[in-house]
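Construct the entire structure; sequences and hints are all you get.
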Amino acid sequence: MEARRILTDPSLSFAEKALSIKSGREVRAGDVAVVDVDLTLAQDSTGPLAIRSFQEMGLKKIFDPRKVFIFLDHTYPAADEKVATLHTMVRDFCARHACNVVEGTISHQHLLEEQVVPGMLLVGADSHTNQAGALGAFATGLGSTEIASVWASGKTWLRVPETLRITLEGTLAKGVFARDIIMHLIGQLGEDGANYTSLEWTGTRLSIDSRACICNNSVECGAKNSVFAPDQLTVQYLRARGRKPMLDIQSGAQATIKEKTIDLADLEPQVTLPEHVDRVKPLSAAEGTPIHEGFLGSSTNCRLEDLQVAAHILKGRKVKAGTRLVITPASKRIFLQAVRDGLVDTFMQAGAVFTNSTCGACVGTHMGVLGENEVAISCSPRNYTGRMGSLSAQVYLASPATVAASAVEGRIADPRKYL
Amino acid sequence: MNGKAHVFGDYVNTDLIIPFRFKARTNDPVELAKYCMYGIDREFPKKVSKGDVIVAGVNFGGGSSREQAPVAIKYAGIGAVVADSFARIFFRNALVIGLPALEIPGIQKQVKAGDAVAVDLRKRTLTNLRTKKTFQAAPLTGFLRDLEAAGGLAAYHKRHGKFPWEPGKRKTT
Numbered sequence: 001m002e003a004r005r006i007l008t009d010p011s012l013s014f015a016e017k018a019l020s021i022k023s024g025r026e027v028r029a030g031d032v033a034v035v036d037v038d039l040t041l042a043q044d045s046t047g048p049l050a051i052r053s054f055q056e057m058g059l060k061k062i063f064d065p066r067k068v069f070i071f072l073d074h075t076y077p078a079a080d081e082k083v084a085t086l087h088t089m090v091r092d093f094c095a096r097h098a099c100n101v102v103e104g105t106i107s108h109q110h111l112l113e114e115q116v117v118p119g120m121l122l123v124g125a126d127s128h129t130n131q132a133g134a135l136g137a138f139a140t141g142l143g144s145t146e147i148a149s150v151w152a153s154g155k156t157w158l159r160v161p162e163t164l165r166i167t168l169e170g171t172l173a174k175g176v177f178a179r180d181i182i183m184h185l186i187g188q189l190g191e192d193g194a195n196y197t198s199l200e201w202t203g204t205r206l207s208i209d210s211r212a213c214i215c216n217n218s219v220e221c222g223a224k225n226s227v228f229a230p231d232q233l234t235v236q237y238l239r240a241r242g243r244k245p246m247l248d249i250q251s252g253a254q255a256t257i258k259e260k261t262i263d264l265a266d267l268e269p270q271v272t273l274p275e276h277v278d279r280v281k282p283l284s285a286a287e288g289t290p291i292h293e294g295f296l297g298s299s300t301n302c303r304l305e306d307l308q309v310a311a312h313i314l315k316g317r318k319v320k321a322g323t324r325l326v327i328t329p330a331s332k333r334i335f336l337q338a339v340r341d342g343l344v345d346t347f348m349q350a351g352a353v354f355t356n357s358t359c360g361a362c363v364g365t366h367m368g369v370l371g372e373n374e375v376a377i378s379c380s381p382r383n384y385t386g387r388m389g390s391l392s393a394q395v396y397l398a399s400p401a402t403v404a405a406s407a408v409e410g411r412i413a414d415p416r417k418y419l
Numbered sequence: 001m002n003g004k005a006h007v008f009g010d011y012v013n014t015d016l017i018i019p020f021r022f023k024a025r026t027n028d029p030v031e032l033a034k035y036c037m038y039g040i041d042r043e044f045p046k047k048v049s050k051g052d053v054i055v056a057g058v059n060f061g062g063g064s065s066r067e068q069a070p071v072a073i074k075y076a077g078i079g080a081v082v083a084d085s086f087a088r089i090f091f092r093n094a095l096v097i098g099l100p101a102l103e104i105p106g107i108q109k110q111v112k113a114g115d116a117v118a119v120d121l122r123k124r125t126l127t128n129l130r131t132k133k134t135f136q137a138a139p140l141t142g143f144l145r146d147l148e149a150a151g152g153l154a155a156y157h158k159r160h161g162k163f164p165w166e167p168g169k170r171k172t173t
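Chains as they are written, first to last, in this note's numbering: chain A, 1 to 419; chain B, 1 to 173.
None of these hints come from the bench; they were simulated from the model. In this text the structure is predicted, and so the values were computed from the model without any measurement. C-beta: ideal position from N, C-alpha, C; glycine also. A hint or two may mislead.
Interface residues of chain A toward chain B, partial, derived using beta-carbon atoms under 7 Å [what the hints assert, rightly or not]:
| # | residue |
| --- | --- |
| 1 | Gly252 |
| 2 | Ala253 |
| 3 | Ile257 |
| 4 | Gly386 |
Covered stretches of chain A (in silico footprint by chain B; criterion: 3 or more residues with CB under 8 Å from a CB of chain B, positions within the stretch not fixed) [to be verified]:
| # | segment |
| --- | --- |
| 5 | 37-46 |
| 6 | 76-87 |
| 7 | 99-109 |
| 8 | 132-143 |
| 9 | 188-202 |
| 10 | 354-368 |
| 11 | 376-385 |
The structure is reproduced here in structure tokens:
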């Protein structure tokens, strides 16, 4: 099979092209492809179980240790002795097999900054692995034991997904961001509306940070992968970091796909009401709701553009007494840039807490856990019951700008009046 | 397999099945099972007898990739999960760790909590012994069928000395 012929076939979608090339035979939606994997990730809440499975299956050798990354990011630094024990297990395993252990920076953002290139096939023991689609990779989540099997075999199997292409039209109004776009889509499709589906994004050009937010959050409507095909901006991003595309995969113009259009100019700031990720409403539906915590963090948001808009809102203002604002950058690199740019100064003056890069509060494991009956507004991906702590706590989801504005007022607030 | 039905609603996500803070602190399946369904019913593990069946609505297991969710269910003693539909990663994980997952659209309305049910894994059916009605699950295809038949990925690997997607090992004579 010739890769060139696949890449130029107008009848194949992005997913069909990617999985055809990685499996060495032409496959279409519905087929099962056995694919070569270019990169794998696991983290401190899935890696230890993968290691256990690897050992229980009697596997000895990792197919290519350079392609295996295990991150200590979810509960980092270890919040207690049990976590510390699992961290040690990961470090020992990586040392023994000469694979990569990366500490104290969130996996998805770190891989975007340092490893992902267009045309790569990435599988991760983490549902937000989809984020790598921001740079034109096919990226999807699997469980721990399957990741262990990829460590050994270098391959896995994937059913080729059907495609939904989302065309973005027009430009976003002031106070409306990438996070509002993807929340709007999740609200429209429902939390399983894109189950088993490949999402392709096209139209209005968004920043790489914005693409990362959208691809990451796409799993909240069930998407198998989510992708922005590489363009000029992708090439610039890679060039600045000394990397080149592996393959430039563009979806075929005549591919069999479903289509949907979102008019960005019509979009208002969005809010997701507690318990289910698809309870999405215009922000006005929750405006004025008193909050105890604002959380500006997680791999879904809290990249540099998110910190910049939050700093713009918080500059010269204070977090409302009785409310706390926890800010957790998405990577070490973003942490450092935020320090250099004076953003952290602004946050501290405003009375926020600025933490190391970790998944912490998003998964209710440390650094911002919610107590009984507390209410939070968060730009993390999930608002499930008990997600950020107590089962009686309530989590609203919104963009970083809305979280910052809400922290200033101590209640859910519209960011547009601060921009 | 015969057992009692434990019935849940739609959109039971992985955080409800086992919250992160518990699953991220141990690798021990017996310990994980203590928190099974913690987000919905903390007493759930005590109510399960071996071979009982979970019956649920749509998109069971949505959200995170945590394999600890099906592991907690299996080690709590549940013999099979039967749902209107499953989230993608949960479904895959369940078969990989050897927890039978049968997709039968509309099943949740056909079973009441406490009903005696029989699950036939060969035929992939659920029979409600109270109503005497039998329901057929969608067939599995490809590697999923191989995984279920073997009782999971580790069991498959142990028996065949390879993963389902790897070519057969050449016999040396």
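Against chain B, does the segment 76-87 of chain A show at least 3 residues with beta-carbon separation below 8 Å?
holds (count 4)
Was the hint right that Ile257(A) lines chain B, CB cutoff 7 Å?
violated, 19 Å
Does Ala253(A) pass the interface check with chain B, least Cβ-Cβ distance below 7 Å?
Nearest chain B Cβ about 28 Å off; hint violated.
Quick check: do three or more residues in the segment 132-143 of chain A have a beta carbon closer than 8 Å to a beta carbon of chain B?
holds (count 3)
How does the segment 188-202 of chain A fare against chain B when you require at least three residues with a CB closer than 8 Å, holds or violated?
Holds, because 4 residues of the segment 188-202 of chain A bring their Cβ atoms closer than 8 Å to Cβ atoms of chain B.
Are at least 3 residues of the segment 354-368 of chain A within less than 8 Å of chain B when you compare beta carbons?
Coverage by chain B holds for the segment 354-368 of chain A (3 residues, Cβ < 8 Å).
Interface hint for Gly252(A), Cβ within 7 Å of any Cβ on chain B
violated, 24 Å
Taking a Cβ-to-Cβ distance below 8 Å as contact, does the segment 376-385 of chain A have at least three residues touching chain B?
holds (count 3)
Mind checking, does the segment 99-109 of chain A have 3 or more residues with a CB under 8 Å from chain B?
violated (count 0)
Once the shortest beta carbon distance from Gly386(A) to chain B is found, is it less than 7 Å?
Given a least distance of 5 Å, the restraint on Gly386(A) holds.
Assertion that chain B covers the segment 37-46 of chain A - criterion: three or more residues, beta-carbon distance below 8 Å
holds (count 3)
Checked against the numbered hints above, the structure breaks hints 1, 2, 3 and 7 and satisfies the rest.
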